[in-house]
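Participant: When you get a sec, could you build the whole thing from the sequences and use the hints?
Read off the chains here:
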Amino acid sequence: DVKVTQSSRYLVKRTGEKVFLECVQDMDHENMFWYRQDPGLGLRLIYFSYDVKMKEKGDIPEGYSVSREKKERFSLILESASTNQTSMYLCASSLGAYEQFFGPGTRLTVL
Amino acid sequence: QKEVEQDPGPLSVPEGAIVSLNCTYSNSAFQYFMWYRQYSRKGPELLMYTYSSGNKEDGRFTAQVDKSSKYISLFIRDSQPSDSATYLCAMIWGNTGNQFYFGTGTSLTVIP
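These protein sequence lines are chains A and B, in that order. At position 90 of the first sequence (counting the first as 1) the number is 96 in our numbering, and the numbers step up by one without a gap. At position 21 of the second sequence (counting the first as 1) the number is 26 in our numbering, and the numbers step up by one without a gap.
Keep in mind that the hints were calculated from the coordinates and are not lab data. You may find that some hints are simply not true.
Quick partial rundown of chain A residues pointing at chain B, CB under 10 Å, derived from the structure [to be verified]: (1) 46; (2) 48; (3) 64; (4) 69; (5) 93; (6) 97; (7) 98; (8) 107; (9) 109.
Backbone N, C-alpha and C fix where the C-beta goes; we use that ideal spot for every residue, glycine too.
Facilitator: Right, here's the structure in full:
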């Protein structure tokens, strides 16, 4: 079974802090994704990566950056956390186009 | 207008009922249509996918795509309490992540 793990299930940070969310997949997938999920808005793509050191902006990249130094690891960085970044963050990986394997999510609260 | 529209519910049905979940979309270029299921405090998992129009059946689940009406459905027969989850439709027209569009999800509760 594909396993996608995320570094934290719950995280509480203060406004202005730099926040790192880590994601690791164990199936040698090329593609990795970061989404945020908010009530009434669904899943929105922040960034994705189709290869090591490659990244593409999704629909809502503002305030976020990403890093993919190794194939199995994809990090999401909030340079200066703000309260409107309080959300559920979901990482996913895929080999093909239509099946994405999701991690359990990180619920981030920014105070 | 959103690319994908999905009624958020919540939907509450008795055990054994037939459930119909639906999404509409605006972009006629979408080619793959997926249904994901998300249990509480978990990430979504792929339930079914279809390519282009038509029906696809997998056990108690049937996915239906009507491209002429830009409408997709998921039917659950003989619903079980274990089907209680949020169901998200998703669709893509290309093979890169930024072309992947999710509905907002419909929350389903099956009452024993």
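Participant: Work down the list of hints and note, for each, if the structure agrees.
Facilitator: To see whether the hints hold, each was checked on the structure:
no. : hint : result
1   : 46   : holds, 6 Å
2   : 48   : holds, 4 Å
3   : 64   : holds, 6 Å
4   : 69   : violated, 18 Å
5   : 93   : violated, 14 Å
6   : 97   : holds, 8 Å
7   : 98   : holds, 7 Å
8   : 107  : holds, 8 Å
9   : 109  : holds, 5 Å
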